[in-house]
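Here the protein sequences line up with chains A and B, keeping their order. Here the first sequence is numbered in the numbering used here, starting from 1 and rising by one per residue. Here the second sequence is numbered in the numbering used here, starting from 1 and rising by one per residue.
Honestly, I wouldn't trust all of these hints.
Unchecked claim - With a straight-line Cα cutoff of 20 Å, these simulated SDA-like cross-link-like pairs (lysine to any residue) come out: (1) A:Lys353 to B:Ser143; (2) A:Lys86 to A:Asn74; (3) A:Lys91 to B:Val38; (4) A:Lys353 to B:Tyr249; (5) A:Lys90 to B:Leu46; (6) A:Lys86 to B:Val20; (7) A:Lys348 to B:Val20; (8) A:Lys86 to B:Ala212; (9) B:Lys151 to B:Lys55; (10) A:Lys86 to B:Tyr249; (11) A:Lys86 to B:Lys55; (12) A:Lys348 to B:Leu251; (13) B:Lys55 to B:His44; (14) A:Lys353 to B:Ala212; (15) A:Lys353 to B:Leu46; (16) A:Lys31 to A:Ala42; (17) A:Lys277 to A:Ile25.
Everything labelled a hint here was simulated from the structure, so no lab data went into it. Predicted model, so just to flag it, every value in this text is computed and none were measured.
Listed here are the chains, written in short residue letters.
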Amino acid sequence: MAGNKTIAIKNGYVFDPLNEIDGEIMDIFVKDGKVVHELSDADRKNGKVIDAKGMTVMPGGVDSHSHIAGAKVNGGRMMRPEDSYKWTRKKTSLTHSGTGYTVPSVYLEGYQYSQMGYTTVFEAAVPPLEARHTHEEMRSIPMIDTGGYLVLGNNWFLMRYLREGEIERAANYVAWMMRTHKTYGIKCVNPAGVENWGWAENIGALDEANIHFGVTPREMIHGLCEINELLGLPMSMHLHCNNLGQPGCFEITKDSLEIPSHIKTKQNLDVEWAETKVDSKRKQSVYLTHAQFNSFGGTSWGDFESGTKAIIDHVNQTDYIVMDSGCVPFGEATVMTGDGPAIHNLYKLTGNKWSNTDVEMECGSGILPFTYLKSNPIHSVQWAMGLELLLLVKDVWKSIMTTDHPNGGTFLKYPNVIAWLMSQEAREATFNECHQWARDRSDLGAVDREMSLYDIAVLTRANPARTVGISHRKGSLGIGADGDVTIYNMDPTNLDTRDYENLVRNFSQAEYTIKDGGIVSRQGEIVAIPQKRTFYADVKVQEQGEKDMLADVKEWFKYYTVGFAHYPTPDSYLMNPTPIKINAEG
Amino acid sequence: MEEVTLTPKGEIDIMVEAEVITPDTFATKSANEIENLVVWQGSHELPLSGFFDVKGKGGSSAGETSIIIEGDVTRVKRIGEGMTGGSIIIKGSTGMHTGSGMNGGEILVKGNADAWAGMEMKGGLLHITGDAGDHAGCAYRGSWHGMTGGKILIDGSAQSQVGGGMSGGVIEVAGSVQNFCGIRQNGGLIIVNGDAVRGVGAEMNGGTIVVAGSIMNFLPGFEYADTEIDLTFDDIVCQGEFMKFTGDYALVGRNKGALYTSKNANEDL
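Let the sequences and hints guide you as you build the complete structure.
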């Protein structure tokens with residue numbers, strides 16, 4: 001365990017967007033794991049000092065959407081031994097051994113994120129019945145604080161409540177579910193459509209009612225966004241749209257994004273906020289995930305093209321949407337999602353090995369190994385689309401950089417994505433290697449924007465933290481924030497972005513990763529295993545409402561194959577359970 | 001050309017992982033440096049000299065290095081793994097994964113080879129004078145991409161899943177094979193001069209398999225195309241009268257595989 005949590009980081013070029021600090025030379029002080037104004041002489045004596053002269057200092061990285069734990073990640077590991085045996089890591093006196101490239105074992109996930117400078121990662125999809133499993137894995141992921149989003153877009157209780165217009169009861173149910181499964185926010189995957197997949201069908205339009213429940217995707221999206229703000233959850237509703245991965249799906253994505261346009265954002269956190277210059281409360285009422293997979297243009301694979309323009313224009317013209325990119329950096333991937341029918345489509349396309357699951361009364365999922373090839377026209381356009389979505393959204397505070405790990409590619413490719421964002425030279429080099437369609441069927445070729453280190457700090461730290469509502473302690477170096485700091489060995493005053501390989505190298509391996517004031521990773525070597533936390537939303541609602549809701553839930557629980565008493569995830573499944581208090585009583 | 005001789009020092013209980021035994025690793029090294037190369041045995045890392053007496057030295061490159069193993073190494077795994085040049089002569093039988101992923105050079109096994117010989121091989125020549133175990137020239141567990149190039153010659157027989165997932169190169173078996181020879185094959189050539197049991201070419205969608213003897217349980221997913229006499233594949237000639245089938249039609253729309261088998265030995269087909 002990291003004993004010393006007091007540190008002074010001196011003379012570095014600091015990039016802290018939530019405090020509007022853009023490369024100023026500053027000292028950062030952390031005492032007992034929290035950022036402070038300054039250290040007393042005694043603290044200085046006992047604490048560590050790092051001279052970060054000529055280096056880049058940022059808050060610890062925050063990944064707001066990554067598949068790192070739970071049944072489908074583990075399903076991916078089990079069906080892909082070939083992913084494991086070629087990517088292995090020896091144990092050291094401090095660390096465990098590990099294997100796996102696109103679906104690494106839990107220990108490896110923690111070490112590799114930490115080496116890149118990340119300190120907080122959120123698991124993107126937790127089926128309620130698999131919450132125990134997810135927590136069992138998350139507690140074993142070292143180095144990083146974690147939390148998980150609960151999959152609710154095809155939940156039988158919610159579909160019934162929302163069809164009947166019982167929004168209060170639905171909200172009470174969501175609040176109870178967050179506490180019951182120790183999860184952090186609402187995830188909505190192919191709303192109303194995955195239920196149909198249980199009958200080998202899907203849903204293609206927002207106003208199409210699904211089988212048995214008769215509820216539409218529009219009702220589910222609207223209902224979940226409304227519940228989210230009624231409760232005042234940390235994150236806004238996290239949306240994976242219908243028709244994902246099908247040519248022309250950008251249209252339903254655009255229409256879906258319009259549904260919550262009038263819903264007022266309300267974040268009701270009962271927490272202490274780190275000092276920030278910029279308001280660190282979230283602004284958005286919907287958080288669209290892996291926008292690239294939701295923005296396919298054309299009408300078939302033959303006339304496939306980027307459909308990102310309509311989405312980007314919509315995001316540019318409004319201020320209630322944040323999206324993460326879901327970039328495709330080429331190479332090996334394992335696609336895994338709660339969207340069973342989307343993965344079945346890929347199975348029909350590739351003939352690869354395929355796994356599919358129905359989670360009773362709640363959701364489903366699919367898994368399939370996938371390789372993105374530069375020689376493939378569709379994959380090349382997808383590469384361009386992921387970058388378009390980040391480079392063409394004018395306000396960097398509306399976007400987040402992800403690869404939807406491991407769907408678009410592994411999180412280990414983040415440094416490559418950063419290099420493409422910062423260097424036109426890097427993009428040109430890839431254009432020259434990949435299929436001509438990347439240039440012909442996207443707007444990326446005409447983009448000359450090169451992002452700054454400040455922009456990158458927004459995309460990988462400040463904005464993911466603010467968007468998911470953890471910015472009261474993560475994503476900034478404001479006073480009171482967690483002492484999570486990354487130091488990259490790059491001099492921003494002397495940075496040649498034409499040398500993009502140097503960017504990749506530096507972002508792959510932080511000079512120092514500091515978590516809660518302790519140095520945990522140094523030049524790619526894990527030097528300490530810090531305590532980690534598991535965040536979840538602890539929503540307080542009115543007692544009577546909860547009682548009424550539970551009476552109904554217990555009545556319907558007879559359809560589950562598990563008993564009511566065995567349903568909740570006990571605290572003991574979590575490493576250092578850290579509730580985010582939310583007061584929705586009023 | 002420099003020569004390195006490895007003489008086994010007696011019985012090995014737990015198998016040794018010896019991927020360091022390649023001309024690539026030995027090149028430019030002295031006998032002493034080679035003795036100190038590290039191998040895994042179970043959870044322990046030990047010097048190569050714990051298992052072999054080392055004589056000679058490596059050449060200036062892999063191609064200039066020849067390794068001679070004086071005796072049986074059936075408890076030693078991964079000899080020649082990933083090698084790109086030079087040669088290894090094993091004067092006895094060898095353990096699992098011999099020549100797996102090799103990309104060039106030659107391995108001669110004067111005896112039998114255990115499972116996974118030439119696994120996912122890319123180039124070079126692997127010649128086994130005795131029998132081969134399961135998965136010769138095959139993809140590893142879970143992978144659908146096996147051998148892509150090079151040549152495996154087996155003078156004896158082989159077990160199951162010869163050439164699984166193969167997409168290039170040649171495998172010739174003088175004797176017989178067991179089950180699922182050429183499973184998921186999508187390229188390359190497999191020639192079996194003896195018989196096969198069942199599952200030949202299961203889910204294949206490309207490449208060629210010749211079984212010059214009989215196939216005991218022929219898969220239903222293959223369709224008869226025609227009969228050919230004396231097959232020729234570059235410098236390889238298979239004499240006799242062969243029935244040609246295409247398949248495997250169990251995979252819809254993917255059926256470019258060719259399966260030849262002896263007309264005389266398969267009268268019931």
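Hint numbers not upheld by this structure, sorted from lowest to highest: Those not satisfied are hints 7, 8, 9, 10, 11, 13, 14, 15.
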